[in-house]
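**Student:** Read off the chains here:
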Amino acid sequence: MLTIQLPHRIGSNQQGFASLANIYRQVKPCQFETIQLDFQNTTWFDANMLAMLGAIMESAWRNDFDIINLVNLRPEQKKLFKKTRYSYFGGESLPDHYQTTVEYRKSKVSEIGSFEKYLEKKLLVNPGLPNMSALLRKKIKESILEIFNNAKMHGNCEFVFSCGQYYPRKGRLDFTIVDIGNTIRKKVRDYSGRKVSGRRSIEWAVSEDNTTRKGNIPGGLGFTLIRDFLCKNKGKIQIASADGYWYEKEYTSHSEDLSDFFGGTAVNLEFNVNDQCSYCLTSEISDTDISF
Amino acid sequence: MGQKTISIFDVVGGKAAVSTEDGERLFETISAFLEKDFDVVLDFANIETLITTFLNAAIGQLYSKYDSPFLRKHLRVRGLQPEDRDRMIKTIERAKEYFKDKENTEKDIREAFDDE
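In order, the protein sequences belong to chains A and B. Per the working numbering, the very first residue in the first sequence carries number 1; after that it's consecutive. Per the working numbering, the very first residue in the second sequence carries number 1; after that it's consecutive.
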């Protein structure tokens, strides 16, 4: 039996992604193994990061027939996990009185329509959220859907895992989307024929007009629009894939190596839900101005 | 030459135009009408969610078959929400760039990582 100690804190940051990538690296070689994830020292776990833990556990169950148990979970963590209906507890749920979590979900990549309804019902109508403008809600939903489709187009995966947490005092909504499939590094390496690092692969993939697509459907626009929106919204985007980590906040981006390898892609979008700006309606374009 | 109006709401079966598959279907429908010498109007009325994945497949892909002057003459849009017009324009601009530089793209990416 393999026992893995989790760290003191799993937050929505480089350290949090690295800690979960460390679990991925230890679990990956196991087959038909019983694995204990020991939460004894863990006092904080951002609910949205359950998307990444769920993806790792699912991969171990499905592909390598491992049994994974969560042990020594503190009561408040168990409660938090159940509020999100985390699948480990068989869908058992607890009421979320303060409406601060967005339900954990494992979605088939082929079912974007149903994922869109999940966002509408479980995220955007969450009574715990402040009264956001229709435009802000639309932008949040479209950003998440772009990431979902990226996983489908590039990840070569069957499922996408997602979960969210709302921080009322900070006015922040963190939503994490994870797939276990092709890493961004693999796609960029295959496409370029160069032995590119994880961090440089992500930097390239999120840059305007860059895409690894080769067919008749253009790409390379989705990340540009998300970055533009999140900068104006004073939000944040973080990506961890292979051995790379990248983030952008308020027009400043930064990348570094991830201390462990993660065999998929995790994207965390942090939205400023108190945004009152009409940042989007700056142009006076009409339908007839759209020239092909 | 006649005119055909395509309701995007009907094509996608709802208010969200988000999937590549729906975009592909719209692309095929537009192409079929254009091949038969119809002018085409794309009606986005009641579409509340619109993302680039759909637009790339439906609109961007048209530039693999037709050039800009032809599409300008035979294709129009209406009913777009004001905030989606910018997205549509960016999709069109990106598609033009993509097909213009398609041959050079692989060379460009290798050059971008020359020091790796």
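Hints may contain errors.
Computed footprint of chain B on chain A; a stretch qualifies when at least three of its residues, placed anywhere within it, have a C-beta under 8 Å from a C-beta of chain B [what the hints assert, rightly or not]:
no., region
1, 60-67
2, 124-130
3, 237-244
One side of the interface only, derived from the structure: several residues of chain B facing chain A at Cβ under 8 Å [what the hints assert, rightly or not]:
no., residue
4, Phe38
5, Asp39
6, Val40
7, Ile51
8, Gln61
9, Leu75
10, Asp86
Rather than coming from a laboratory, the hints here were simulated on the basis of the structure. Small disclaimer: the values here were computed from a predicted structure and weren't measured. Note that beta-carbon positions come from the ideal geometry of N, C-alpha and C, so glycine has one too.
**Student:** Of the hints stated earlier, which fail here?
**Tutor:** 1, 2, 3, 4, 5, 6
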